[in-house]
Amino acid sequence: MDAKKEIWVFAEQENGKLHSVVLELLTKGRDLAEKSGYTLCAVLPAADGAPLQQELFNHGAKKIYALTDPKFTEYQNDYFSKAVSDLILAESPSIVLYGATIIGRSLAPTVAVMVYGGLTADCTELDFDTEAELLLQTRPAFGGNIMATIICPDHRPQMATVRHNVFKKEPVSDSESGEVVEAAVDISDVPERMKKLETIEEMIETVDLNAADYIVSGGRGIGKPENFEIIRGLAEALDAAVGASRATVDAGWISHHHQVGQTGKTVCPLVYVACGISGAIQHLAGMQTADLVIAINKDADAPIFDVADFGLVGDLHEIVPEFAKQLNAIRGK
Amino acid sequence: MNIVVCIKQVPDSDKVTIDRETNRLNRAGVPSIINPFDENALEMALQLKEKHGGQITVVTMGPPQAEEALRSALAVGADKAILISDRKFGGADTWATSYTITLALKKLEEPADIILFGKQAIDGDTAQVGPGVAHFYGVPIITLIREIEVSDTSFKVKQVTDTGFNLWEIDRPAAFTVVKEANELRMPSLKKKLAAKKAEIPTWGVEDLGAEMEKIGLSGSPTKVNKVFAPPIKMNKEVLDGEPAEMVNVLLHKLRERKVL
Ligand SMILES: Cc1cc2nc3c(=O)[nH]c(=O)nc-3n(C[C@H](O)[C@H](O)[C@H](O)COP(=O)(O)OP(=O)(O)OC[C@H]3O[C@@H](n4cnc5c(N)ncnc54)[C@H](O)[C@@H]3O)c2cc1C
Ligand SMILES: Nc1ncnc2c1ncn2[C@@H]1O[C@H](COP(=O)(O)O)[C@@H](O)[C@H]1O
Chain U
1 MDAKKEIWVF AEQENGKLHS VVLELLTKGR DLAEKSGYTL CAVLPAADGA PLQQELFNHG
61 AKKIYALTDP KFTEYQNDYF SKAVSDLILA ESPSIVLYGA TIIGRSLAPT VAVMVYGGLT
121 ADCTELDFDT EAELLLQTRP AFGGNIMATI ICPDHRPQMA TVRHNVFKKE PVSDSESGEV
181 VEAAVDISDV PERMKKLETI EEMIETVDLN AADYIVSGGR GIGKPENFEI IRGLAEALDA
241 AVGASRATVD AGWISHHHQV GQTGKTVCPL VYVACGISGA IQHLAGMQTA DLVIAINKDA
301 DAPIFDVADF GLVGDLHEIV PEFAKQLNAI RGK
Chain V
334 MNIVVCIKQV PDSDKVTIDR ETNRLNRAGV PSIINPFDEN ALEMALQLKE KHGGQITVVT
394 MGPPQAEEAL RSALAVGADK AILISDRKFG GADTWATSYT ITLALKKLEE PADIILFGKQ
454 AIDGDTAQVG PGVAHFYGVP IITLIREIEV SDTSFKVKQV TDTGFNLWEI DRPAAFTVVK
514 EANELRMPSL KKKLAAKKAE IPTWGVEDLG AEMEKIGLSG SPTKVNKVFA PPIKMNKEVL
574 DGEPAEMVNV LLHKLRERKV L
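Taken in sequence, the protein lines are chains U and V.
According to the numbering used here, the first sequence is numbered sequentially starting from 1.
According to the numbering used here, the second sequence is numbered sequentially starting from 334.
Next comes chain V alone, as it looks inside the complex (with noise of 0.2 angstroms):
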């Protein structure tokens, strides 16, 4: 079985910060982690592949030090790695990420029997990659999913809902987003850290993809940033102190007045 995991590498969220004069993110030193959510998707390859044999690739898209983020994945028992990465697709939102990371799995050997993806990446959270993914690769996609079951032909899931789940079953070849709640990713092995280290990653770039200008990049995206600015910091707030029954008599007080409850 052929396994494809798209992971992103993102800024650690707790050491970004934002400068309130400029409005700009202090990036600088900001150390990058792999999203969250991926290394669920990663795990679920991972016991997959235990279970039904096969082969992991993993992709990603972004700047050249990405690389970091598919050799960790490589420690993991990952086998093979692809990084999509070029100047010119720089600036991207999900629309163009989607088709160019589409034309990165189209052109793998072997075409992907399971493409997983995490839940969201965690500094846009949009989740819109992987239906995009999907829908540009051919294959139908059911979003949150915490467990698989595989089959010759098809696939069963559950997907987390609200209150419970629902169980979906779907052809092969498919797409997944997976939730956290699906697993926890392993520890790397030492041997496969080191092995992580000296595996050759290829890179491919635009003309590598064949990939439309129009469709990639800044120009190919149809959302553009308009502005950024600092969330807005509750101005009115009010702070109580003092004996708990007088503090909270005044705070149902006040509640009363503002008729939330």
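This is chain U alone, in the form it adopts within the complex (with noise of 0.2 angstroms):
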């Protein structure tokens, strides 16, 4: 098990914009490579990639990988997967991270049985065992009932899925510079078995709870589905992207694209505003891991209150209107 001591970085990008999520492990990736001494790399498979390198060295890669081909342009899981899975075998570096995006999440574990490496997904915590040269990874399993540390032992290399959000990105300086290794990547004889026909934008108001930073959501403690307007009244006050719990999504007070929680959408925000929400397991499970929990609830035992920052005795109806009221009364709106 001779590995590189390198940490790579996949750099997913889209339309010639890297994905943050990629500045994210970068930035974590520095203090694991400071602990383990390895050198931190951004593999980046582009048709052009050479305007996105500043940004990958800015935010702390000594090395990038570029592959280059004009199959690159859109993710396409065959032609990815070949070409990170080759430069895998061929450089054999000991740890490689990617973003838990639906991109991450089909090109990681298809890499990882064509190199027979381990992958653990959705970690949310990331350290290194200097003794034992080993990843630790943390992660919520059974539904946020526990946290698992896994390792790899014995094959290389040790991958991790992370999602957007689950670490900060913070540039080293907006003028580090460093290698950049052109590597020899050839997919010409994978045949095209899938194409992508079209991409269409659905916007269903502004749901896009993956992406956002701030997050209101609503609870079956609302009462009734016309009580929406207060949570979005807040969320517009807050920039927010409107949630819901599964209750009300099972009663059609609102679309499943809403639902945080295990069955829905696991999210990170920088803030989640729970309101009328108990705090089952299975909602937990898709929103604890948030910077600030703030929970409003009428009734002070409610397990929500257990992984909130604040908690908000009493009446929704009353709180978050005045949530709303003052929140505008500072911004001037």
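Don't take each hint at face value.
Stated by the list, open to error - In silico contact screen, one side only, chain U against chain V (beta carbon under 7 angstroms); selected entries:
{"id": "1", "residue": "3"}
{"id": "2", "residue": "147"}
{"id": "3", "residue": "179"}
{"id": "4", "residue": "197"}
{"id": "5", "residue": "263"}
{"id": "6", "residue": "271"}
{"id": "7", "residue": "309"}
Stated by the list, open to error - Computed footprint of chain U on chain V; a stretch qualifies when at least three of its residues, placed anywhere within it, have a C-beta under 8 angstroms from a C-beta of chain U:
{"id": "8", "stretch": "447–461"}
{"id": "9", "stretch": "474–482"}
{"id": "10", "stretch": "504–518"}
To be verified - Incomplete in silico selection of chain U near chain V, CB under 8 angstroms:
{"id": "11", "residue": "122"}
{"id": "12", "residue": "187"}
{"id": "13", "residue": "188"}
{"id": "14", "residue": "190"}
{"id": "15", "residue": "194"}
{"id": "16", "residue": "249"}
{"id": "17", "residue": "322"}
Derived from the structure by calculation, the hints contain no laboratory data.
Just so it is clear, CB atoms sit at the ideal spot from N, CA and C, and this is done for glycine as well.
Build the complex from these two chains, which are given one at a time in their own frames, with help from the hints.
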């Protein structure tokens, strides 16, 4: 098991823009690199990746493996998995990190079986055990009932996916530099078994919960569907997306696109405001990694308060509009 | 059309608790359910069969009692069920699970035209087994689909994204993972339920599958659980009480102190 002392971050990009999870992973990767003494690298498959390189260096990459092919304009699982796994087999890095995006969650498991690597999904913490020289990958399991630390002792690379917003991004400076390795990739003999025909945006209000920094969610405690207006009022004041518990979705009060939780979306915003949500384990599974949780509930014993930074005990019909009002006043809206 | 659906039996997460002293899961007496997302894969299979004909084979890997999950799938209309079970498969991570399930799929009399998975299993939440099996079986995969259209040589599918969907065309045979919004699983019919009770369900073990020992179970799994622990409880939470206007005022003050506003 002679792996190279390198930590790779898969540099996911779309329409010539890096996904912000890449910069978050590089920022975290700097910690890991410092602890381990490994070199932090980015792997950039693109039709033309040159314009993206500076940003990768600025966030801490010391080396970029540039994989260039017109077929990398858009994500296609066969092309990307072949290119990335070939590069892994050729270079044998110790660690490879991916964003737990739609792309990352398709690419990483495919690559993992291709290279016989270990893969841990949706890690909420990464650390390095310097003695055993192992990546410590911590994640919730069983719907958030337990946390598990996963290791990969005998296979390389050790791979993990991490959701957007779990780590914060912070550039080192705006003029970092490093090495660019033009990696030889050949995907010419990969048959074209699938083709993206179209990408459709369905802007169903502002429900991009995964990208949202602020989320205001309503639960059964709002009482009736019309009262989602109260939730929307606060969401507007906060520039937040609207989330919901499954109870409200099942009742038909709001569309399933809004559902947060184990069978809905797992979100990781800076601030999550839970209004009239009891905090069932399945709901917590989807939001407990938020940076800051504010819970509004009239039942002081509701489990949502166990994960809250700020708990407001009282009637949401009074508190939530008041919250919006005072916020608007501050912001001069 | 040969449709294969991979389903997993999982503990009902509602009822699982953790013993905060021993850090072990209290699983005794916890009921098992079919992984909720696999129900959507199964319903998609049933609708495909109604429209295009063919047969549905459900496959699960797990302990002997996972047979129950298969019987519930037969009760809603699956035609055949296979249980992959052997103590030596125990402790498998997603790599070893993908490898083992693929061996079973290759052993089916008719090759699969389409392999369906749930979006993810709610016990592990990894979403890795679908892509893993697809690669080992040698078919392309699109994850997170909500709709499918079938033609002779290809499928057209809608893959759910954060802001809408991608429309893909993909060669047959292919594999997909199915999202919840695709459908809702129908209720079993009484007649099928009775038949399902009596159905013969073959169990395939290590020897039946000709599995390589170093690729199965705990020893075939690259990842190992190093430790488990109870999720941390927020220690310095602040509970506010009193008049709404005042509570909110205090909250806003604290939020600004913490620079989140
Ligand atoms: C397999 C499985 C998967 C699941 N997946 C999910 C999931 O993804 N997401 C999810 O959310 N749930 C999920 N659930 C359901 C979950 O178990 C809960 O039933 C659900 O989250 C409850 O929603 P709720 O908090 O809105 O409702 P309730 O539990 O009914 O809570 C309502 C809360 O509102 C409070 N309240 C009432 N009136 C007021 C008022 N005027 N002011 C302030 N507070 C008030 C009450 O005190 C109470 O705490 C799942 C369940 C299962 C079995
Ligand atoms: N033991 C298993 N037996 C059959 N299918 C499985 C098993 N584990 C996972 N799957 C399938 O793979 C999907 C993803 O599971 P996971 O990768 O564990 O999140 C599930 O929704 C099932 O369709």
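Of all the hints numbered above, which does this structure not satisfy? Sort the numbers upward. 1, 3, 12, 13, 14, 16
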